[in-house]
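**Student:** One letter stands for each residue in the lines below.
Number of protein chains: 2
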Amino acid sequence: MGDLTEMLRAGLPPEAVVTDPDVTASYAHDMASFCAAGAPAVVVLPRTVEQVQHVMRTATALRVPVVPQGARTGLSGAANATDGCIVLSLVKMDRILEIDAVERIAVVEPGVVNADLSRAVADQGLYYPPDPSSWEQCTIGGNIGTASGGLCCVKYGVTAEYVLGLDVVLADGRLLRTGRRTAKGVAGYDLTRLFVGSEGSLGVVVRAVLALRPAPPQQLALAAEFPSVAAACEAVRQIMAGGHAPSLLELMDRTCVRAVNALGNMGLPESTEALLLAAFDTPDPAPDLAAVAEVCTRAGATEVVPAEDAAESELLLQARRMALPALERLRPATMIDDVCVPRSALADMLQGTAAIAREHDLTIGVCAHAGDGNTHPVVCFDPADPEEARRARASFDRIMALGLELGGTITGEHGVGLLKKQWLAEEAGPLAMELQRGIKAVFDPLGLLNPGKVLDVAAPHPIGFPTPT
Amino acid sequence: MGDLTEMLRAGLPPEAVVTDPDVTASYAHDMASFCAAGAPAVVVLPRTVEQVQHVMRTATALRVPVVPQGARTGLSGAANATDGCIVLSLVKMDRILEIDAVERIAVVEPGVVNADLSRAVADQGLYYPPDPSSWEQCTIGGNIGTASGGLCCVKYGVTAEYVLGLDVVLADGRLLRTGRRTAKGVAGYDLTRLFVGSEGSLGVVVRAVLALRPAPPQQLALAAEFPSVAAACEAVRQIMAGGHAPSLLELMDRTCVRAVNALGNMGLPESTEALLLAAFDTPDPAPDLAAVAEVCTRAGATEVVPAEDAAESELLLQARRMALPALERLRPATMIDDVCVPRSALADMLQGTAAIAREHDLTIGVCAHAGDGNTHPVVCFDPADPEEARRARASFDRIMALGLELGGTITGEHGVGLLKKQWLAEEAGPLAMELQRGIKAVFDPLGLLNPGKVLDVAAPHPIGFPTPT
Numbered sequence: 001m002g003d004l005t006e007m008l009r010a011g012l013p014p015e016a017v018v019t020d021p022d023v024t025a026s027y028a029h030d031m032a033s034f035c036a037a038g039a040p041a042v043v044v045l046p047r048t049v050e051q052v053q054h055v056m057r058t059a060t061a062l063r064v065p066v067v068p069q070g071a072r073t074g075l076s077g078a079a080n081a082t083d084g085c086i087v088l089s090l091v092k093m094d095r096i097l098e099i100d101a102v103e104r105i106a107v108v109e110p111g112v113v114n115a116d117l118s119r120a121v122a123d124q125g126l127y128y129p130p131d132p133s134s135w136e137q138c139t140i141g142g143n144i145g146t147a148s149g150g151l152c153c154v155k156y157g158v159t160a161e162y163v164l165g166l167d168v169v170l171a172d173g174r175l176l177r178t179g180r181r182t183a184k185g186v187a188g189y190d191l192t193r194l195f196v197g198s199e200g201s202l203g204v205v206v207r208a209v210l211a212l213r214p215a216p217p218q219q220l221a222l223a224a225e226f227p228s229v230a231a232a233c234e235a236v237r238q239i240m241a242g243g244h245a246p247s248l249l250e251l252m253d254r255t256c257v258r259a260v261n262a263l264g265n266m267g268l269p270e271s272t273e274a275l276l277l278a279a280f281d282t283p284d285p286a287p288d289l290a291a292v293a294e295v296c297t298r299a300g301a302t303e304v305v306p307a308e309d310a311a312e313s314e315l316l317l318q319a320r321r322m323a324l325p326a327l328e329r330l331r332p333a334t335m336i337d338d339v340c341v342p343r344s345a346l347a348d349m350l351q352g353t354a355a356i357a358r359e360h361d362l363t364i365g366v367c368a369h370a371g372d373g374n375t376h377p378v379v380c381f382d383p384a385d386p387e388e389a390r391r392a393r394a395s396f397d398r399i400m401a402l403g404l405e406l407g408g409t410i411t412g413e414h415g416v417g418l419l420k421k422q423w424l425a426e427e428a429g430p431l432a433m434e435l436q437r438g439i440k441a442v443f444d445p446l447g448l449l450n451p452g453k454v455l456d457v458a459a460p461h462p463i464g465f466p467t468p469t
Numbered sequence: 001m002g003d004l005t006e007m008l009r010a011g012l013p014p015e016a017v018v019t020d021p022d023v024t025a026s027y028a029h030d031m032a033s034f035c036a037a038g039a040p041a042v043v044v045l046p047r048t049v050e051q052v053q054h055v056m057r058t059a060t061a062l063r064v065p066v067v068p069q070g071a072r073t074g075l076s077g078a079a080n081a082t083d084g085c086i087v088l089s090l091v092k093m094d095r096i097l098e099i100d101a102v103e104r105i106a107v108v109e110p111g112v113v114n115a116d117l118s119r120a121v122a123d124q125g126l127y128y129p130p131d132p133s134s135w136e137q138c139t140i141g142g143n144i145g146t147a148s149g150g151l152c153c154v155k156y157g158v159t160a161e162y163v164l165g166l167d168v169v170l171a172d173g174r175l176l177r178t179g180r181r182t183a184k185g186v187a188g189y190d191l192t193r194l195f196v197g198s199e200g201s202l203g204v205v206v207r208a209v210l211a212l213r214p215a216p217p218q219q220l221a222l223a224a225e226f227p228s229v230a231a232a233c234e235a236v237r238q239i240m241a242g243g244h245a246p247s248l249l250e251l252m253d254r255t256c257v258r259a260v261n262a263l264g265n266m267g268l269p270e271s272t273e274a275l276l277l278a279a280f281d282t283p284d285p286a287p288d289l290a291a292v293a294e295v296c297t298r299a300g301a302t303e304v305v306p307a308e309d310a311a312e313s314e315l316l317l318q319a320r321r322m323a324l325p326a327l328e329r330l331r332p333a334t335m336i337d338d339v340c341v342p343r344s345a346l347a348d349m350l351q352g353t354a355a356i357a358r359e360h361d362l363t364i365g366v367c368a369h370a371g372d373g374n375t376h377p378v379v380c381f382d383p384a385d386p387e388e389a390r391r392a393r394a395s396f397d398r399i400m401a402l403g404l405e406l407g408g409t410i411t412g413e414h415g416v417g418l419l420k421k422q423w424l425a426e427e428a429g430p431l432a433m434e435l436q437r438g439i440k441a442v443f444d445p446l447g448l449l450n451p452g453k454v455l456d457v458a459a460p461h462p463i464g465f466p467t468p469t
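Chains as they are written, first to last, in the UniProt record's numbering: chain A, 1 to 469; chain B, 1 to 469.
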C-alpha cells in the first residue's frame with residue numbers, strides 16, 4: 001500500500017492521489033442498492049492520458065485491481081469499489097476537445113458531463129441525443145461504460161449508436177485507438193462497440209469521438225389519461241405499428257403520477273391509471289399529434305391534452321423527469337429495474353409487475369420508455385427493515401425473470417454491474433458467457449479491470465504472469 | 001477428401017453437397033480483382049441450422065477450412081475459396097421468417113436477397129434502409145458479413161445499425177444466440193456487433209433479427225452541375241454544416257457521368273466536372289431542396305435542376321446506380337476503392353485521386369456517397385496487360401494511402417477481405433491487430449473460418465488441439 005501510493009505519486013501530481021479514508025470512502029459506490037462496496041486503497045484523479053497510463057502500468061506491476069469511475073450515478077453497482085482497489089476517477093478529464101459541424105462529431109474526454117456536452121453542441125445547432133435521467137451529473141465516460149439511454153431513444157437510440165471511435169488505455173497501460181472520425185467505416189472487428197457497455201472491464205476510455213445530429217425543432221407533446229395500464233399499452237402498440245416516429249413516448253403508472261404530484265405540485269390527473277406522454281420534433285408535428293390523439297381515444301383514453309406550446313411540452317417532460325426522485329421519496333430506499341420487453345408484451349410486463357408488488361406487499365411505481373418497451377419498475381423499501389429489504393430484492397429478481405419470460409432483456413440501458421450479474425448469465429446462456437470471458441481475457445489477462453463486474457472470470461490473477469513493460 | 005464428402009453427406013441431403021469441379025469452380029471467388037482464389041474441395045448448400053452445424057462439426061473434426069458465402073457480390077475477396085476448403089454457401093437459407101410492424105423487426109435467414117426483404121417490408125409500410133448497389137443480388141448474410149452500406153447511409157447509416165440479434169454457428173458447430181428482439185438492450189459485451197463486418201471469420205450467421213423503420217415518403221431529388229470537383233465538395237460541406245438531413249447526397253465525376261450516358265442514354269450533362277445529387281424524404285422536402293439549391297448555386301453550380309416528381313427523382317437515382325456497371329464498360333476490368341474521409345477532406349481526396357490517375361496513366365472514374373465522405377474511385381484497366389495491371393494495383397493502393405493521410409479509413413462499406421488486409425494493419429496499428437487476433441482465437445481457435453481473410457492469424461492450426469464434440 002505504501003508502495004502503491006508511492007509508485008502512483010511518481011507519475012501523478014500530488015492532488016491527484018487521494019488516500020484520506022474519509023475521502024476515499026466517498027468514492028466507494030454508485031447509486032445502486034444491494035451491491036457490495038469495498039474500501040479503496042487509493043483514489044486517483046488523473047487529468048491526462050499519460051497519467052491514466054501511469055495508473056494502469058502501476059496497477060499491472062503491483063497486481064492491484066482498478067475500478068474506473070465517472071459520476072457514480074450508475075444504478076447497477078458497476079462503479080463500486082472493491083477492497084484495496086485503485087479507484088480511477090475520470091471526472092477531472094472533462095474537456096470538450098472539438099465540436100465540428102461539418103463532420104457532425106464531438107471529441108471529448110470521458111469526464112465531460114452529458115448536459116454540458118448537450119448544451120455546447122446545441123449552441124452550434126447540433127444535437128447529442130442520449131439523455132439519461134441523470135444527465136446533469138453523469139459523464140460521457142460513464143454513459144459509454146453502461147451504454148446509457150434516456151427519453152430520446154424511441155427515435156434516436158442509445159449511446160452506443162453515437163460512439164464512432166475511442167482512445168482506450170488498456171489494463172497494461174498501452175494506448176489503443178479504435179474506430180474513426182468519419183461518417184462510415186468498417187475496417188476490421190468492431191472494437192469500439194465492444195468497449196461500449198463493457199463497464200470499464202475491458203479498458204479505460206480516455207477520449208471519445210461522438211456522432212452528432214442536426215438539432216431538431218423543439219418537440220411538441222401531448223398527455224393522454226387511461227383507465228387502465230392495458231389500454232395505455234394498446235395505444236403504444238398502435239402508435240408504433242402505425243408508422244409514427246415519436247421523439248418521446250413515455251408511460252407513468254398511477255403510483256408514479258401521484259408521487260410526482262406530491263413532490264412537484266405538477267397537477268397531473270391523480271385518478272388516471274396510466275398517463276402516456278407522446279411528443280414529435282418534426283417541423284410540423286400537428287398531423288402526427290392529431291393521429292396519436294385519435295389512437296389514444298380509440299384505445300380508451302379518458303382525456304387527451306395536447307400541450308399548447310413548447311414550454312408546456314417542456315413542463316410535461318419535467319414531470320416525467322421527476323418520476324425517479326418522486327418515487328425515491330416514498331420510502332427510504334429504492335431499487336430500479338430496467339427490463340426491456342417487446343412492445344407487444346408491455347401490458348403483460350406492467351400487469352405482472354403490479355402483481356409482483358401485491359404478492360410482495362411493496363410499493364413498486366413504474367415509469368417506462370413505453371415506445372421502446374423499456375420499463376423502470378422502482379421498488380420502494382426500507383433497508384432498515386430486513387424483512388422488507390428481503391422482499392424488495394426478491395421482487396426485483398422476479399421482475400427480471402418476468403422480463404425474460406416475455407422475451408425481453410434484463411437491462412435496456414442501465415447495464416449489468418454487480419446487481420444483475422447472475423441474471424446476465426441467465427439471459428445470455430453458458431456459451432455466450434464463455435465467449436465473453438474469452439474476450440475479457442484477451443483485453444485484461446490479469447483480471448485487474450473492474451473485477452467481478454458484468455461477469456466473473458475464472459482465474460483473475462494468474463500467478464507468475466509476466467509484467468508488461 | 002473422400003472422408004470429407006462422406007462425412008458431409010451423412011448430415012446433408014445429396015443435392016446439398018457438390019463436388020463436380022466445374023460447378024465448385026464457379027463458387028471460387030467474389031467480384032474483387034487482384035485476389036487469389038483457390039479450388040474448393042466441396043461446396044455445401046445447407047437449408048437448415050442443423051445442417052450448418054453438421055458442416056462445421058465436420059470441418060472441425062477434419063481440420064478443413066470453411067469459407068462462408070452469400071451471393072459473392074463482395075468487392076474485397078472475402079468470399080474467395082482457399083484450396084481444399086469447404087465453401088459454405090448460405091443462399092438456400094432464404095426465408096423471411098417474420099416481419100413485425102409493432103416491434104419493427106424482421107427475422108430472416110442469411111440467404112434472403114436484400115431487395116426481396118426491402119420489398120417485403122415495404123408491403124407492410126416498413127423500411128429496411130441498407131441498399132448496396134448490388135441489392136438485387138446480394139444477401140443479408142453477406143451484408144452483415146461486410147457491414148454493407150449504400151446510398152441511404154447519409155441519413156440512415158449502414159447495415160450494422162440494423163442488426164439487433166444473431167444466431168451464429170461457431171467454428172465447432174455450437175449454436176450461439178446474441179443480442180435481442182427488443183428495441184433496446186445492453187446486457188453484456190456486444191457480441192452481435194462483433195460478428196457484423198467480421199466477414200465470416202468468427203462464425204456463420206444463420207439467422208438475423210433486423211431493425212426496421214416506418215417507410216418514409218418517397219424522396220424528391222435535385223441535380224446540380226459544377227464546374228469543378230472542389231466546388232461540388234464545398235457545396236457538400238455547406239449542406240452538411242447547414243443542418244440538412246438529406247436522404248441521399250451523391251457525387252459523380254465527369255468520367256462517371258460520361259460513362260453513364262454512354263451506357264444508358266441518360267442525358268446527363270457531359271460538360272459538367274461534377275454532378276451532385278441530393279434528395280429528401282421528409283413530408284415536405286421543398287424547403288430543404290430550395291435551401292440546398294441555393295447552397296449549390298452559391299458554391300458555384302452552373303445549373304441546378306430539381307426533379308419534377310418522385311418518378312423523375314427515381315430516374316436520377318437510376319443514373320447513379322448505373323455508375324458502376326457503366327465504368328465497368330470502359331476497360332476489361334475494374335477495381336473499386338472504398339475510402340471514406342472526413343467530409344472536409346473530400347475535395348482533397350477527389351483531386352488527389354485525379355492526380356493518381358494521371359500519374360499512373362489510368363482511367364479512374366469516381367462516384368461517391370459524398371454526404372458521408374465515402375468515395376468509390378473505380379480503377380479501370382486491362383488485366384491482360386501486365387504493365388497496366390501493375391499500375392492499376394499501384395494506383396489502388398495509393399488511393400488508400402491518400403485516404404489514411406487525410407484522416408480517413410480504407411473501407412467505408414466494402415470490408416477488408418483479402419484485398420485490403422495489409423492496409424487494415426496499416427490503419428488499425430499493431431495493438432489493435434493484436435487484440436483482433438486475440439478475439440479471432442477466442443471464437444475460432446483452430447483458425448478454420450475463412451482463413452486469411454480480414455487478418456492473418458499467427459498459428460491457425462495448432463497441432464493436437466482437442467476436437468470439440
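Simulated from the structure, these hints should not be mistaken for lab results. As the structure is a prediction and not an experimental result, all values here were calculated from the model. The beta carbon of each residue, even a glycine, is placed where N, CA and C say it ideally should be. One should not assume that every hint holds.
Label-pair ranges, simulated between beta-carbon atoms [as the list claims (entries may be wrong)]:
1) D309/B / S228/A: 42 to 48 Å
2) R174/B / R298/A: 45 to 51 Å
3) R95/A / E50/B: 53 to 59 Å
4) E405/A / E98/B: 15 to 21 Å
5) E359/A / G438/B: 43 to 49 Å
**Student:** The structure should be examined with respect to each hint, and the outcome stated for every one.
**Tutor:** Taking the hints in turn, this is what the structure says about them:
1. D309/B / S228/A: 42 to 48 Å: holds (47 Å)
2. R174/B / R298/A: 45 to 51 Å: Holds: the Cβ-Cβ distance is about 48 Å, inside 45 to 51 Å.
3. R95/A / E50/B: 53 to 59 Å: holds (54 Å)
4. E405/A / E98/B: 15 to 21 Å: holds (20 Å)
5. E359/A / G438/B: 43 to 49 Å: holds (47 Å)
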